[in-house]
Amino acid sequence: MVKTVPLDYYLWLAAALFTIGVLGVLYRRNAIIIFMCIELMLNAVNLLLVAFSTYLNDASGQVFVFFIMAVAAAEVAVGLAILVMMYRNTKSVDINILNRLKW
Amino acid sequence: MTLNAFYFLSFLAIMSAIMVVLSKNPVYSVLYLIITFFCIAGHYTLMNAQFLAIVHIIVYAGAIMVLFLYVIMLLNLNKESEPHKSNVLKFAATICAGLIMLVLIGSLKGTENMLQQQPAAADIGLVKTLGKVMFTEFLLPFEITSVLLLAAMVGAVMLGKPESR
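Protein chains in written order, with the numbering used here: chain D, 11 to 113; chain B, 424 to 588.
No lab work stands behind these hints, which were simulated from the structure alone.
Hints may contain errors.
Listed below are the simulated SDA-like cross-link pairs for lysine to any residue, each with C-alpha atoms no more than 20 Å apart in a straight line [stated by the list, open to error]:
(1) B/Lys447 to D/Ala82
(2) B/Lys508 to D/Met95
(3) B/Lys447 to D/Ile48
(4) B/Lys447 to B/Leu525
(5) B/Lys584 to D/Met95
(6) B/Lys555 to B/Ile567
(7) B/Lys508 to D/Ile44
Output of the computed footprint for chain B on chain D, the stretches with three or more beta carbons under 8 Å from beta carbons of chain B [unchecked claim]:
(8) 14-28
(9) 40-54
(10) 70-83
(11) 88-96
With the Cβ distance kept under 10 Å, some of the chain B side facing chain D (calculated, not the full set) [to be verified]:
(12) Lys508
(13) Thr534
(14) Gly578
Note that this is a predicted model, so its numbers are computed, not measured.
From the three backbone atoms N, C-alpha and C, an ideal C-beta is built for every residue, glycine too.
So that you can see chain D by itself, here it is in the shape it has in the complex (with noise of 0.2 Å):
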């Protein structure tokens, strides 16, 4: 199978695509909306990692990325639990609400 892509095309969509994550960790005050946007940058970078491992045929960044889905699976079920957490105290996701470190 002869590929037309250069990998530089990968390099603008996984920018592009980490920028809009940090846009919405940025914008959004909802705490489930910023935990979707962390989500979405992970995935940039994995994309990147999967694009040089083909491009360069080496096989360890692709082993790494599904390390890192290991990792974001975990990190998604503890931090699910601490917001569920965090909603039973305080009736709500507003990240604004935790300020209670700042006094």
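Fit chain B to the given chain D structure using the hints.
Relative to chain D, chain B alone:
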């Protein structure tokens, strides 16, 4: 043909990623994020990384997004009256993200000639190759991952338990 598929998948991925950020309803955000994940899985297939494409769909669209949807339904967040930042803060956030994009473009521009633009071998993403690498070179990290998942499971159960004193 491949290039057209790449353009289509990229356009869809970026559009639905923007909709994740901009849609008012959290449930719609999750659904748009699922579209983005399927597009990224399509990109993996395009790069002939079939194993990762399947694992990506199973783990992200199958497990993580279901968890997100479940939490949103559990917390009853499907109303549109959720808090929003003021317009000044939104403007500042957009400016900051634009600056990050600018930095990324500036640092990546001009690297086209340094990169190898054609893939070397087609069988790098197959299960056979990856399995060989994973179970010889990366055996210890693979085992440690199981400890990490166990720890995450115990932590989630501990956090999710109602407090009883």
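Structure-based check of all given hints:
{"no.": "1", "hint": "B/Lys447 to D/Ala82", "result": "25 Å, violated"}
{"no.": "2", "hint": "B/Lys508 to D/Met95", "result": "23 Å, violated"}
{"no.": "3", "hint": "B/Lys447 to D/Ile48", "result": "18 Å, holds"}
{"no.": "4", "hint": "B/Lys447 to B/Leu525", "result": "27 Å, violated"}
{"no.": "5", "hint": "B/Lys584 to D/Met95", "result": "9 Å, holds"}
{"no.": "6", "hint": "B/Lys555 to B/Ile567", "result": "18 Å, holds"}
{"no.": "7", "hint": "B/Lys508 to D/Ile44", "result": "13 Å, holds"}
{"no.": "8", "hint": "14-28", "result": "holds (count 14)"}
{"no.": "9", "hint": "40-54", "result": "holds (count 9)"}
{"no.": "10", "hint": "70-83", "result": "holds (count 11)"}
{"no.": "11", "hint": "88-96", "result": "holds (count 7)"}
{"no.": "12", "hint": "Lys508", "result": "6 Å, holds"}
{"no.": "13", "hint": "Thr534", "result": "7 Å, holds"}
{"no.": "14", "hint": "Gly578", "result": "5 Å, holds"}
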